[in-house]
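Construct all of the structure, not just a fragment, from the sequences and the given hints.
So the sequence lines, in the order shown, correspond to chains A and B. Residue numbering for the first sequence follows the working numbering, beginning at 187 and increasing consecutively. Residue numbering for the second sequence follows the working numbering, beginning at 187 and increasing consecutively.
Rather than coming from a laboratory, the hints here were simulated on the basis of the structure. All values derive from a computational prediction rather than experimental measurement. One thing to keep in mind: the hints can contain errors.
One copy or two, it doesn't matter: identical chains are merged, so the pair holds either way.
What the hints assert, rightly or not - Result set (BS3-like, lysine-lysine): computed pairs, CA atoms no more than 27 Å apart in a straight line:
#1 Lys424 / Lys753
#2 Lys552 / Lys271
#3 Lys424 / Lys876
#4 Lys753 / Lys647
#5 Lys225 / Lys440
#6 Lys552 / Lys764
#7 Lys243 / Lys894
#8 Lys647 / Lys243
#9 Lys628 / Lys647
#10 Lys243 / Lys225
#11 Lys225 / Lys894
#12 Lys271 / Lys686
#13 Lys336 / Lys686
#14 Lys424 / Lys689
#15 Lys424 / Lys894
#16 Lys753 / Lys627
#17 Lys555 / Lys628
#18 Lys225 / Lys555
Protein chains: 2
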Amino acid sequence: VTGWFARPTTVNHRHASKSFLHDFLDEMQAENIKHHLRKFTRLPHLAGSQQNLDLAKQIRAEWMEFGLDSVELVPYDVLLSYPNKTNPNYISIVDHLGNEIFNTSLAEPVPEGYEDVTDIVPPYSAFSAKGQPEDELVYVNYGRTEDFFKLERELGINCSGKIVIARYGKIFRGNKVKNAMLAGAKGIVLFSDPADYCADGVEPYPDGWNLPGGGAQRGNVLNLNGAGDPLTPGYPAKEYTYRSSLEDAVGLPKIPVHPIGYHDAVHLLQHMGGPLPPDNWKGALNISYRIGPGFMDGLNQNKVRMNIHTNNQVTRIYNVIGWIRGAVEPDRYVILGGHRDAWVFGGIDPVSGAAVVHESVRAAGKLMKKGWRPRRTLIFASWDAEEFGLLGSTEWAEDHARVLQERAVAYINADSAIEGMYTLRVDCTPSLHTLVYDITKKVSSPEEGEEGMTLYQSWHKRDNSTERDAPWISKLGSGSDFEAYFIRLGIASGRARYTKNRKTERYSSYPVYHSVYETYEIVERFYDPSFRRLEAVARVRGGLIFSLADSPVLPLDCVEYAMSLTKYANSIYQLALKHPAAMEQYSVSFDSLFSAVENFTVAAQDFHQRLDQLDTSNALAVRMVNDQLMYLERAFTDPLGLPGRPFYRHIIFAPSSHNKYAGESFPGIYDALFDIENAVDPQEAWDEVKRQISIAAFTVNTAAETLKPVVS
Amino acid sequence: VTGWFARPTTVNHRHASKSFLHDFLDEMQAENIKHHLRKFTRLPHLAGSQQNLDLAKQIRAEWMEFGLDSVELVPYDVLLSYPNKTNPNYISIVDHLGNEIFNTSLAEPVPEGYEDVTDIVPPYSAFSAKGQPEDELVYVNYGRTEDFFKLERELGINCSGKIVIARYGKIFRGNKVKNAMLAGAKGIVLFSDPADYCADGVEPYPDGWNLPGGGAQRGNVLNLNGAGDPLTPGYPAKEYTYRSSLEDAVGLPKIPVHPIGYHDAVHLLQHMGGPLPPDNWKGALNISYRIGPGFMDGLNQNKVRMNIHTNNQVTRIYNVIGWIRGAVEPDRYVILGGHRDAWVFGGIDPVSGAAVVHESVRAAGKLMKKGWRPRRTLIFASWDAEEFGLLGSTEWAEDHARVLQERAVAYINADSAIEGMYTLRVDCTPSLHTLVYDITKKVSSPEEGEEGMTLYQSWHKRDNSTERDAPWISKLGSGSDFEAYFIRLGIASGRARYTKNRKTERYSSYPVYHSVYETYEIVERFYDPSFRRLEAVARVRGGLIFSLADSPVLPLDCVEYAMSLTKYANSIYQLALKHPAAMEQYSVSFDSLFSAVENFTVAAQDFHQRLDQLDTSNALAVRMVNDQLMYLERAFTDPLGLPGRPFYRHIIFAPSSHNKYAGESFPGIYDALFDIENAVDPQEAWDEVKRQISIAAFTVNTAAETLKPVVS
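Spelled out as structure tokens, the structure:
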């Protein structure tokens with residue numbers, strides 16, 4: 187499995203590369219990242235704003251100065267969504283006379299030092315429908331599929347025609363909105379419960395890094411399923427591109443949606459009627475709020491009114507794309523991309539990541555001045571409008587789908603570089619596992635008291651995998667810009683960031699996520715005072731793209747893919763085995779899938795064995811095996827896509843249908859099995875399971891074929 | 187445009203190739219093709235039959251003997267359709283008492299010398315629904331879209347609930363059946379009219395090559411739109427593959443269909459009621475048959491009854507796949523494929539083509555024994571079940587889609603090599619135009635009295651293009667095995683055969699098409715007594731695959747593609763201009779498309795200019811430009827496919843929605859414009875036109891991008 191990694195390549199080149207890799211990693215420094223972060227977080231940079239265009243131009247100028255071969259601004263005209271400046275969004279409690287007896291706040295209290303900043307967009311749910319629905323409120327916990335099942339099936343509570351209120355956390359907010367719509371709700375309020383947005387023993391910002399009671403989480407509430415711009419699904423949103431009408435747009439919610447903080451949420455929740463919620467629904471508001479409908483146990487006629495005036499509008503956005511031409515194989519692309527647009531200052535999301543990209547570009551430029559040029563082409567991307575549905579990155583992927591499919595070796599994502607203070611977190615395609623481990627062994631631990639320890643050792647110590655003695659690496663889900671590259675185009679992808687302790691810290695994301703409190707200071711004071719954690723992340727991300735761009739033989743490991751497939755096949759089989767009678771009755775077998783995984787495993791092992799014998803002085807022979815390595819990820823994609831999700835084409839990985847943030851393996855089979863015990867037509871439902879097993883088996887077999895000798 | 191063709195490559199290799207090309211063309215000889223044709227036409231070779239499996243094994247053995255590196259039988263289990271052996275299909279005239287007063291014949295009179303042959307399948311429409319519908323008959327001319335429009339809109343004749351009768355010709359029979367279903371017919375009879383199946387001054391077989399009155403045309407009546415096996419659309423029909431139910435199968439007609447000859451047709455037609463047909467509907471039966479409904483002008487109560495008992499059944503088929511490993515780039519594939527299965531003896535369709543493939547394999551093996559090995563890998567395919575919907579070739583394309591997309595340089599089709607006695611006919615992708623002209627200049631004219639003339643000269647003399655001074659080359663349509671390779675996968679494809687004079691010979695295809703009279707003797711006596719026409723076709727097909735497999739730089743011409751795109755853009759624009767008021771009202775512009783075509787033209791010219799400067803001693807540099815050339819055709823495909831036709835993914839070319847045999851350029855725009863003056867919702871209809879223009883413009887732009895320098 188690991189032997190090939192030590193495989194000799196042309197000695198000189200390898201030595202040169204090794205030394206340059208070392209130089210490159212060393213060149214990226216905490217102080218510089220700190221400087222970039224400070225510089226890029228002074229003003230809000232909302233997608234579509236003048237400030238974000240100004241920032242794009244600044245980045246272009248600096249990347250050129252750093253020494254990239256070329257840097258361009260690439261515009262698209264996509265559907266964005268902004269609050270109406272003269273008619274603010276809020277939620278009211280309305281009495282029986284129609285008086286608004288309580289209104290939620292129109293903005294978050296601005297943190298110290300930012301009082302004079304204009305253009306801070308208030309908390310809102312981007313792409314919310316307009317409207318002023320008024321009705322009783324039903325509490326739906328996190329608004330997950332299982333929460334609505336519990337309400338409807340166990341508690342007998344019908345959300346149809348009501349306004350629902352869900353707490354943030356656990357799943358992507360767009361899935362909550364979709365579930366509310368499916369349940370027939372006519373509006374949905376989202377709030378941050380301290381149970382999910384405050385860590386124990388931590389003060390609210392600015393005294394600590396918890397979410398203040400007046401803070402609220404912005405965010406889009408789309409269900410795009412990878413479509414990109416809602417008006418131009420499948421095609422880049424250029425000037426000449428045909429745009430569908432808003433009625434035909436992809437993924438827009440049909441109901442009003444609005445986010446509030448916990449200070450406001452208390453008011454809406456304290457008077458709720460209905461039975462008490464299950465214990466594990468109660469959150470931390472210290473109020474026995476009920477699951478509705480009805481206020482004050484039906485003793486008064488107060489209702490909730492949503493006042494939502496948010497506008498959708500086609501707006502120009504700008505990606506910044508920088509190039510370093512490859513010296514040997516300019517037609518092979520390695521991409522480092524992350525977004526630039528922020529809800530407000532973006533201290534963490536995305537600038538902790540953008541600062542890291544900036545430092546990588548600077549370091550690459552420095553090396554070029556020393557005479558280095560990568561074997562393959564490097565592309566650096568500063569995406570726009572990620573916060574509005576991954577729009578900048580998806581439009582560019584759509585625009586260049588053909589050349590990317592032909593030429594892209596890997597995509598490394600660079601969103602927020604830090605979301606906690608504990609250790610490294612990596613999500614990536616299985617073929618990158620080995621390289622991730624390799625690179626982290628070349629980076630020092632950023633933690634105090636771990637001088638002389640590698641990042642690998644520090645990470646391993648803190649987060650060992652349950653499956654083997656190595657640090658934990660997870661599947662890719664979605665919610666960031668790698669989506670189109672990985673799930674739609676089948677380009678090997680990965681992401682790395684510093685994170686919390688996932689076993690002990692139970693809050694969702696980081697508390698101030700998407701609030702005005704994501705400032706430079708929260709990083710500088712709490713998350714990474716020495717900036718050595720960001721430096722470590724920079725070196726991981728940078729080391730990945732460096733190795734992918736410069737190694738004569740691509741550092742991708744097919745045997746790791748085989749091991750992951752084995753694990754996923756076992757896991758989905760176990761899920762099906764929960765229905766032994768139906769499996770028997772409908773003759774459902776996973777044999778074809780297991781057989782395919784076995785074929786793949788043998789093909790991968792044989793491939794790496796042949797690789798050991800490769801004559802690396804034969805340029806065409808090297809190119810041929812590299813093509814096999816590069817196209818392996820592509821082989822897992824199917825142009826027909828997943829059922830109902832045509833832009834999710836990867837058969838092994840997709841964002842969960844119930845939570846965009848989470849990755850699901852064998853998603854076609856998983857979705858076919860989901861809630862199958864309640865299927866209206868069990869025969870049809872199990873037929874779909876069988877069809878999905880067949881597609882998965884075929885896809886794994888066909889991926890195996892790409893690794894076999896190229897002539898039968 | 188043509189300069190690059192003379193571009194020097196490494197001198198030694200070029201000389202070697204040139205000499206081997208000459209040897210290869212010379213090696214293919216008329217006498218051998220005659221011998222192969224004789225050998226392969228003694229028995230029927232219906233798909234799914236033991237005889238066709240035996241023939242597959244024989245071909246495998248001979249290809250191995252000829253010297254291929256490997257040859258394999260590749261099975262699939264696909265849906266085929268056969269008449270019920272104990273319950274024959276026929277059509278009756280039924281009187282008012284229910285007596286069958288006339289029945290059509292159950293079989294064709296067997297030609298002399300074949301009386302003892304068993305297993306001749308009688309004429310039938312494969313995949314017909316079963317049933318015994320009985321009703322009045324309506325004559326619908328060729329059953330084309332425009333014929334049904336005329337019936338419904340001008341003549342006021344409603345086919346709903348009737349049995350319709352259509353003459354063969356002009357369009358693919360499956361489209362006739364689809365149109366009949368759309369018109370509400372409950373059955374359709376297909377007949378061969380002498381106007382369409384007899385040439386003037388020619389005797390019926392065996393005294394000439396016209397269709398005898400007792401002959402009838404077999405053929406499938408599917409509307410697969412490229413799906414392959416109806417039960418496994420998108421995936422290869424392997425043992426483990428999930429199969430849909432017959433109700434959910436793709437493309438099966440829902441009504442009974444049956445073909446008859448003109449002797450039988452006379453009986454059904456002579457008593458028809460209703461108004462007289464338009465003059466150009468009358469055909470040659472010398473009977474003033476009417477367009478119905480009603481028999482004998484309604485004076486009696488005779489009806490027509492169809493008795494159809496044809497069965498669909500999943501059946502094993504076998505492709506034969508032979509390989510010659512490429513010496514330099516084994517991971518680049520050039521494919522020569524044609525089908526082996528025949529309705530009966532297949533004297534023309536397909537064995538005139540299969541004999542040519544056989545001779546190419548023999549010639550390639552001969553060269554290998556002299557020390558030659560092609561630069562790229564050559565794949566030879568003998569497809570099964572082409573007659574049942576291009577099943578063998580499509581299943582193999584589905585099975586190997588990933589590696590074909592990564593590695594296939596070109597696909598050359600080898601169906602019937604002769605359908606007339608006049609000159610060459612070539613349909614191919616525009617990038618092959620130049621190579622086709624080049625190869626035909628290296629082949630001698632097969633015509634008597636043209637000694638010393640090249641095939642190019644002979645062809646040019648007989649069929650000059652209307653657009654320039656060069657022989658006419660047409661677009662690819664469908665109806666043969668290149669479909670999945672070209673239209674679905676985007677692999678540069680072409681076909682060549684000997685044909686009739688398209689300007690003077692008005693009959694459809696060749697008269698005995700798909701009848702029992704397609705024997706060895708019809709070729710030997712009438713079509714090609716010297717076998718020099720088949721030899722010429724063998725040299726064209728063989729020369730194409732040789733050059734594609736062996737030239738260091740791929741002999742594909744992007745500027746020819748640009749010229750064709752310009753022509754197609756003008757042509758579709760002219761079509762739209764028939765609606766000037768609507769174009770104005772709905773702001774329909776073709777500017778984006780013309781601009782894209784201009785971009786493509788510039789990119790293609792620049793590409794070929796850079797190619798002139800290419801350092802051909804740089805193996806990686808050559809590989810990079812070859813990748814650009816290879817992937818150009820791929821760039822025209824869109825994974826989203828055409829509206830309602832997910833497996834037709836080529837945006838520039840698709841089979842016409844109204845006639846599978848014909849190729850349509852910019853098919854998305856064409857279909858959106860079709861009959862738009864009668865659109866129920868003109869706004870929606872013109873929006874779709876605009877959307878399709880946008881998709882076409884984007885696709886052409888993105889194809890242009892693939893030809894630009896690989897780094898921005």
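Hint-by-hint comparison with the structure:
no. : hint            : result
1   : Lys424 / Lys753 : between (42 Å within a copy, 25 Å between copies)
2   : Lys552 / Lys271 : neither (45 Å within a copy, 80 Å between copies)
3   : Lys424 / Lys876 : between (41 Å within a copy, 14 Å between copies)
4   : Lys753 / Lys647 : within (23 Å within a copy, 66 Å between copies)
5   : Lys225 / Lys440 : neither (39 Å within a copy, 69 Å between copies)
6   : Lys552 / Lys764 : neither (57 Å within a copy, 61 Å between copies)
7   : Lys243 / Lys894 : between (47 Å within a copy, 26 Å between copies)
8   : Lys647 / Lys243 : neither (42 Å within a copy, 62 Å between copies)
9   : Lys628 / Lys647 : within (16 Å within a copy, 72 Å between copies)
10  : Lys243 / Lys225 : within (14 Å within a copy, 73 Å between copies)
11  : Lys225 / Lys894 : neither (50 Å within a copy, 37 Å between copies)
12  : Lys271 / Lys686 : neither (37 Å within a copy, 73 Å between copies)
13  : Lys336 / Lys686 : neither (31 Å within a copy, 73 Å between copies)
14  : Lys424 / Lys689 : neither (45 Å within a copy, 45 Å between copies)
15  : Lys424 / Lys894 : between (41 Å within a copy, 19 Å between copies)
16  : Lys753 / Lys627 : within (25 Å within a copy, 59 Å between copies)
17  : Lys555 / Lys628 : within (23 Å within a copy, 54 Å between copies)
18  : Lys225 / Lys555 : within (25 Å within a copy, 71 Å between copies)
When each numbered hint is compared with the structure, violations occur for hints 2, 5, 6, 8, 11, 12, 13, 14.
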